[in-house]
Amino acid sequence: MTVYFKNDGKADTPILEDVQAIDMSVPVVGNGMPTLLYSRGAVGMDTYSLQRRSLNQLEDFRMSNGSGGKTAETIPFFDIRMDGRGLIGALGWAGQWAISFSRPTEAAIDVKAGMANTHLSLHPGEEIRTPLILLLFLGRRRYRCS
Amino acid sequence: MSLKKWIAVTLVASGFTSSIVWAAGMDKPADTRRDEKWLQAFLGPNSHLPFSFVYGRQSSGDVVSAWPRKTQSRALGEDRTEHMVTWTRSENSLQVRLAALSYAGSPVVE
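Protein chains in written order, with the numbering used here: chain A, 1 to 146; chain B, 1 to 110.
Be careful, since some hints might not be right.
As the list claims (entries may be wrong) - With a straight-line cut-off of 25 Å between C-alpha atoms, the simulated DMTMM-like cross-links for lysine to aspartate or glutamate are:
no., chain 1, residue 1, chain 2, residue 2
1, B, 70, A, 8
2, A, 112, B, 62
3, A, 6, B, 110
4, A, 6, A, 126
5, A, 6, B, 82
6, A, 112, B, 110
Hint data in this document are derived by calculation from the structure and do not stem from the laboratory.
The shape of chain A in the complex, shown without the other chains (with noise of 0.2 Å):
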């Protein structure tokens, strides 16, 4: 999924801002604690290892390319694991990306992601688009982590 952002009229916009090129609430199935795997980025002998992480009630958590460069730390890639579903998700942009994760009740994980900073006025004519995202729904699969 894309979304774009066209000003089609004769003024600057009003500011836009905060843009989430998806913000969705995953809810939990399952009687076991969601599980979120994602992926070291391309440093260090573990390039690329599959990481495993508990989706606690009222824990956070965000990955992202620091100011914009290399996917050191991680790369744009999360699956979200609970009971032998699943959602995977990743983004593709090279720019500034972030991707959050956060539990706030027992029943639901909210997942948001896209570029990590947008504070803008389009003007007259002028177009912007979101990373694209993709979103896989599985079943049951089995991964390896470290």
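Take the given structure of chain A and dock chain B to it, following the hints.
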């Protein structure tokens, strides 16, 4: 069979964010009923925005819901379908467009 419980999604109201509800009972990846369900969850007439933004200090859920909405779909060959949902604010003509690709027999939104 591991594919017995494929996931379908529907959105429920929760402010201006989207919410996914898992469901079971779909038989296989190519099940068109399932494909249609998750697609409608994102793009259907009763869906909620799967993205968000702030426009003129107002949340997207508040502003976009009042804007006229237009939905289009077209086949891109045998396996892909392009979906477009467009919201246009007439007052100053800001246009917000959600573009998505779906693949026949696959639970993917791209």
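### Task
Take the C-alpha atoms of residue 70/B and residue 8/A, compute the straight-line distance between them, and say whether it is at most 25 Å.
Given that 25 Å is the threshold and the Cα spacing comes to 16 Å, the pair holds.
### Task
Could you grab the alpha-carbon distance between residue 112/A and residue 62/B and see if it respects the 25 Å cut-off?
Distance ~18 Å between residue 112/A and residue 62/B Cα, so the pair holds.
### Query
Is the straight-line distance between the alpha-carbon of residue 6/A and that of residue 110/B 25 Å or less?
21 Å, holds
### Query
Is the hinted pair residue 6/A and residue 126/A satisfied, with a Cα-Cα distance of at most 25 Å?
6 Å, holds
### Restraint check for residue 112/A with residue 110/B, where alpha carbons must lie at most 25 Å apart
Measuring from Cα to Cα gives roughly 16 Å; hence the hint holds.
### Query
Quick one, are residue 6/A and residue 82/B close enough, alpha carbons at most 25 Å?
It holds: about 19 Å lies between the C-alpha atoms, which stays within 25 Å.
In this structure, none of the earlier numbered hints is contradicted; all agree with it.
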